[in-house]
Structure formats: structure tokens, C-alpha cells
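K.L.:
Assemble the complex: chain A is given as a structure, and chains B and C must be docked to it using the hints.
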Amino acid sequence: MNDLFFIPIIKMFVIFGVCLFFITYTTWLERKALGHFQLRYGPMRVGYHGLLQPIADGIKNFFKEEVVPDNADRAVFLLAPIISISLAVMLLAVIPFGAPITILGKKVDLYLANPSIGILFILGFATIGSYGTILGGWSSGNKYGYMGGLRASAMIISYELSMAFAVLSIIMVTGSFSLVDMVGAQQHVWNILREPVAFLVFLISGIAELNRTPFDMPEAESELCCGYNIEYSSMKFSLFFLAEYTHLFVFAALVTTLFLGGWHGPILPGVVWFFLKTFTIIFLCIWIRATIPRLRYDKVMKLEWKFLLPVALANVIATGVVMALFG
Amino acid sequence: MSESKTVTLNMGPHHPATHGVLRVVLELDGEKIVNATPVIGYLHRGIEKICESRTYQQILPLTDRLDYSAASANNLGYCLAVEKLMGLEVPKRAQYLRVIMAELARIMGHHLWLGTHALDIGAMTVIFYAFRDREMIMAMNEEISGYRLTPSFIRIGGVAQDATEDFIGKVRKFVKWFPPALEGYHQLLTENKIWTTRTMNIGTISAGEAVNHGLTGPSLRGSGVAYDVRKAFPYSSYGDFDFKVPVGEKGDVYDRYLVRMEEFKQSINIIDQAIENLPSGPILTDNPWVASPMQSEVQTDISALIRRFMINYKGTPVPGGELYSAVEGAKGELGFYLVGDGGEHPYRLKIRSSCFYLASALPRLLVGHMVADAIAIIGSLDVVLGEIDR
Amino acid sequence: MDIKKAVDALSRQCPDCVQNLADHNGTCEITVAAQSFHKVMETLHELGFDMLTDVVGIDRMPRAVRFDVIYLLLSTRDFSRLAVRVEAAEGEDVPSVSGIWHSANWGEREVFDLLGISFSGHPDLRRILMWENFEGHPLRKDFPLEGQDFDKPFDTETIKDYF
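Residue numbers (the numbering used here), protein chains in the order written: chain A, 1 to 327; chain B, 1001 to 1390; chain C, 2001 to 2163.
Hint data in this document are derived by calculation from the structure and do not stem from the laboratory. Any given hint could be a false lead.
[Unchecked claim] Taking lysine-lysine and the DSS-like style, the derived pairs with C-alpha atoms no more than 25 Å apart in a straight line are:
1. K1032/B to K302/A
2. K2004/C to K1231/B
3. K302/A to K1193/B
Bound conformation, chain A alone (with noise of 0.2 Å):
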């Protein structure tokens, strides 16, 4: 019964606490590393260097007035942000966040749920969240908003497919779906030594998949004043911003887990190590922001289907070659 009903309730209240905090927090490190790449600050006057900002954004955004426009679709507007935010936070349940640990007595792991398709649960979940994305553009009734949702599902619809077969070449590594199998396999090897081609077309569709610069063609601020949720304020504004950061949280997390070697690694416990990876990646998404343009829509089209996608496609074939021949 204990192991059945009140330990899984017990992991959920705190996988989804500890990553929701995690969350809030990656928006503070987002503005406080984009602040000192940029010559400034970012916050310092809520709490000690701001650490209290989240906090204090999420009261505000809470007691701003709710606004939904005349020419709205009203049901499909407020749904948007909803399907946005359950689908992104349904992603955390699958992902392993360390080695199993035993707490008086009993062995309890480090995830919510372990199931025999872990990734393809990943990759449906996080594609059906985009229609969060495209419905909140589409249904505000405002044409800045509409783009933007066109833009959203043109750009999921294409980099769902790269994504996927830098992900089919681990699975053919590892042999299994599990996410748990596959950090079992990099044990000693990360699959980022083995696997260097599917992790950069895996980093640069999960960064076009977040919709982050340089893809960030949904909610390009200058073209499109922030495309899909220009006509959100208030909570359902926040929801959204907190769906594109928990995304931002669960791509790292994948990262970590699919070639990071996930939990593995000396010395400090897994779980510190797990953490340590994914805001190592988180940083590195943060950076590449603070860096480089945005590219033109057309050519993040060209980009997917004229280069990434054929380069997975053929990492794909040859991993299945050199398993043939040497495997």
C-alpha cells in the first residue's frame, strides 16, 4: 500500500516542488546572466542580488488585471496557456533525477515514473504542449499573435523531426526507451563521445524546439512584439513564461540525460551532478541568447530540412552500420 499510493504522492509533491523552484530560479539566472553579459546588473533590489525577484514577478503577475480581447476566440484563449503549462510540468514525471537512494530502509528512485517509453513520452508530450503555443497565438484575434502561432507550428512540425532522429541514434545505442536505461548505459562512456553529430543536431532542435534565439521566430520581440502571447497579461501571461522555462528545464534535463551521462559522476552525489549538467546547459542556452541574431523564418526552415535533417538522418545510418559491423 506504502509503496503503491504514499510513496509516489510524496515524490510528486517534491520532484514538482524542487523543479518548480528550480524553474523560477532559471528565470533569475536567465536575467542575472543576460544582465552581466550585457554590462549590467539585471535584478538587485528584491532580496540579496535579487534573489527574491521571481518571487515578487509571480505576486505581481498575479494581481495584474485579466485581459482578454473583444475579438478573442475566449475559450480557446484561455485554454492556451493551460495546455502550455500541465503538458510542460507532465514532462517532469519521467525524468531520472539521480540514482536510487534508500531512505529508512527503503529503496526509493529518483523519478515519478519509469515507463518502457520514456522518450517517446517526452517527445509527444512537449510536441502536444506547442499546441499551448499555437492556439494562444491563433485564438487572441490579434495578427501579430496569429504569425506567431503560424510560425510555432511550422517550426515544431519541422525540428520535431531532426529531434527525433538525433534521439533515434541513442536509442539504437542504449536499446531501450527508458530514460532509465539510458543513463544505466553511460555508466562509463557518455553518449556524447559516442554520439558528437546527434548531440549537436539534438542541442540545436531542442533550442529551435524552445523557440530561444537564434530560432525564436514565434515571439520574435522586434518583428512580431513577442508573436503568440502578445494579448496574455496577468496569470496567464505568467503561464506561458513558466511552460517556455519548464521546457527550457526539461530539454537541459534530457541533454543531461541522453549525453551527459545523466546522474553519473564522481565524487559529488548523483543528484548534484544532475543539476550541475543541466544548468551548465541552461547557461549555455542563456549565452548563445546573449550572443548571437535571430535568423530569418525562411532560413530556419532551410536550415532543418536542407541541413539538420538530413545529417540525422544519415548519423542515423551510420550508427546502424558501424553497430552491424562492429556491434
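P.N.:
Quick look at chains B and C alone, frame taken from chain A:
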């Protein structure tokens, strides 16, 4: 198949990338621009009308508000026009100080352009580096005139006050500091693959067309026409300085970018020559109708007090006549068509705004490109709405 | 190009069109009658004045022929300037040169908007700085500085837009 329909998208007047209140009505087929109509007038303050009821001295601060990102160059253009009508001779030291201020203003204007242009294309860090250096010029403006953005330092007949040692030290420091900083901008953008794909072959305009559309300044030089008012009609001792007029080849966004980046270097070069060869002497003409007495004189001499009162309150009578006088502002040829009627107010002051004609070329440049390119093109023209609408 | 030569060439090609030749503080200026104006401008364009720098309108109110329109021309080959003046009475049209120089399009629109001089043959003669249903022309000398409706509340609802 049904008939394809276009979407009308209002870009502006409050759009983050239209540099103020420019409004462009875009007709879109998908993301492609089929038709573009710029709509201006949202910042129209009627400066030309106001000028007709102000004395010549009172107009000076209004000219600051034209191209507010490079204010000193506007002051210079206006003062030159009035001085030409009055036949005033400006002392050499004042001319050199004017050149320094105008070139600092040009650098300031180009800083704003670089930062916002890069921000529009998505490189968000450049603006902070540009503004770090712009801040140094702001401090110089403050040091010499008391104002940071709109100095009104250049006055009819000369300049407001002599350069302090502190100012000269700051300028020297900036001249040393800036070239490496410029290298930094280049490293961030010039060879960046994304930057080049976003800017090369975008918004191309040939030399002939650019001239026909009335483009001036860096936007014209990007198309390969070496028209620079400083070289073509040298004013304010620009003939004394050795500088090049950079030109582009293709006339696309990237060429306009390179021309402006090179202009940074040339401006620094001019400032360096001017500050090192700064002649000594008076800073204001001795024409008593123009030269407002200094504060120290006013407080000790009653006739100086009266004269100052007359100049400031009644104004300076300027002989009748018409003339056109132009300077090279940060955005292009800034001209003043001045009609005097012998009184203290101009009969008519027409401001030839370079940005006005840059904006008029927008439909030609935008059609056929994508929405994202529209932003790049507007940024590369570097329009300032204060000058378009006047 | 020597401005003298250009003016000579002009008077050879369209005789009797140059009514007056003046020097305004270094800028050569010719005055042209409205009938021969378009022809003169075409000739000048062919002679090498490839840029129309600006169009200036001046209201000389008590004068019978009320307005002056001055076209500032520039040759980008040798950087010489020429001003062409054409006079227009109230209600009289000036032939548009926007077919020759594209920059005349907006330049003439501005003169039309602020001074109310209309240009015949202009492709798109609308107000440019003021809004569509604005009454009066602000830069005319009989237009009060504070505006005609300064004592009425500003009502955004009445402002018409082109789109």
C-alpha cells in the same frame, strides 16, 4: 482554388522596431510584403511654424529636437544658415570645437543606430556595449554644455563656452578608448554568419535609384555614391581635416552597416585631428548683435547687461534674403532653407530632413521582402522620427 | 558641371523659359513660369541634376501670386546645386515632377499638406504630416500659430485615417 488574399498588418506607430512612431502599413501575402505604405506625422510638432514666431536664438534649442540622437549636428546646420545670411565670420577655435561636437554627435547617432539595428535583428547585447560608449559622449556633452542629449552648445556666431581642460581630457581618452571598442562591435557582428545572412542582399537599392529617391548620408553611400556634404561643400573648416568617405558597393543592408561602421572610425579620426590642432583664440564672433556678453561682464557692466537683454529678449535682426545651407548630419544631408525678412524672426525656415526622404524610399525597399527583413531595412536606414515629422 | 553652362544649355533647349537668374548666397537660382516648368525640369534632369534635394514652399501672403515653390536640385556627379523657383497663385496648380524624381513624391505632398498648393499629375496627393480631415494648411501665414481649434477639446474620434 480560391483567390489568394492578403493580410494588412499595421506595423507601428507603437512597434518596438520602428524607432519611434513610424507606422508602416504592410500588405502581406504569407510573410512576404506585397505593398508597404509608410504613414508619418505622429511626432509632428510644427517646428517650422513655431520658428516663424521665435527669434533666431530661440530657434536653436528647437533644432536639437530634430534628430535628437545627434543633436549637435542640427545646431551646426542651423547656425551655419543664419551666419551665412548675416555674413558672419566664425573664429577658428569655435569652428574646430563645432567640428568636434558635430562628430561626437555623429558617433552618438551611429551608436544608437548600431544598438537598435542589432537589437531588431536579434543580437540583444550590442546595444549595451554601444550605450556604454555613448554614455562617455553624453558625459562630454554634459561637461561642456550642461546637457547630455540636446547640448545646444553651438550658437549663432560661435559656441557657448570654451572647452575646459576636463573636456579635452575626456575627448582624448575617448579617442584612445574607442577604436578597440569598435573592434568589439565588429567581432560581435561583422563576420557573424547569421548577421550576414540577415543583412546581405536585403533591401538592395542601386546608386541611380538611391539618388532618384533622394537618399543621402550613409544610406546613399552604401549604394556607392560618394556624396558627403562635408567633402562636397566643405563647411566649418572640414577642409582642414583628412578623412575618407567610405562607400559601399551593392547598396544592401550589410553595405550600409559597413559604411556606418567605417564612419565611426573616420569621425574618431577627425576628432583626433581637431583636438590635437585646436587653435587658440576667441570662441565667439565679435559682432555685437550676436555675441551675447559673458556672465562676468553682465554682472559688472551695465551696457553689457542691456546688450544681453536686447539679444535675448528682442533678438538679432538678420538681413533679408534667402539661402539654402546644408550640413552632413548623422543620417544624411540636413539642410535649412532660410528666408529672412530683415526682422528678428525668420520669414520661413524649411528644414530639409534626410530621414523624411529615407522614409519615402521605404515602399521601394520593402516590397518583395519578408516581415523580418522589413525590420532590418528600417533599421539600416536609421530614420529618426523627430526629423521626419519635425 | 559649370552652373553657367547648364543654364546656357537649358536656355538653348527651352528658350524664354528662364525668367530670372539670381544668385542666393552661392546657390544659383532660376525662376521658371509654370507652363514651361515641367519641360525645364526634364531638361535639367537630362543635364545631370539627378537628385531632387528638397521641395520648399513659401507663402508670400500679401503678394498677388501668393506662393513660391522652390525645387533644390543637386548633381551627384560634380556636386553643384541649382534652385528652381516657380510661382503659383492661390488655387493654381504646379505641374508635379514626381515622375522625374521619386523624392518629389513626398516633397510635394508635404508642400500640399502644409501650404495647400496642389500639384497636377501627382500620383498620390494626400496629406502627409497632418491627418486626413484636418482643415486648413498650417504653414500659410493666415493660419494661427495655436491652430484654428485651440479652444476646442481634442477629440481623437474625429480624426480620419487613410486605412
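K.L.:
To test your reading of the hints: which numbers does this structure violate?
P.N.:
Violated: none.
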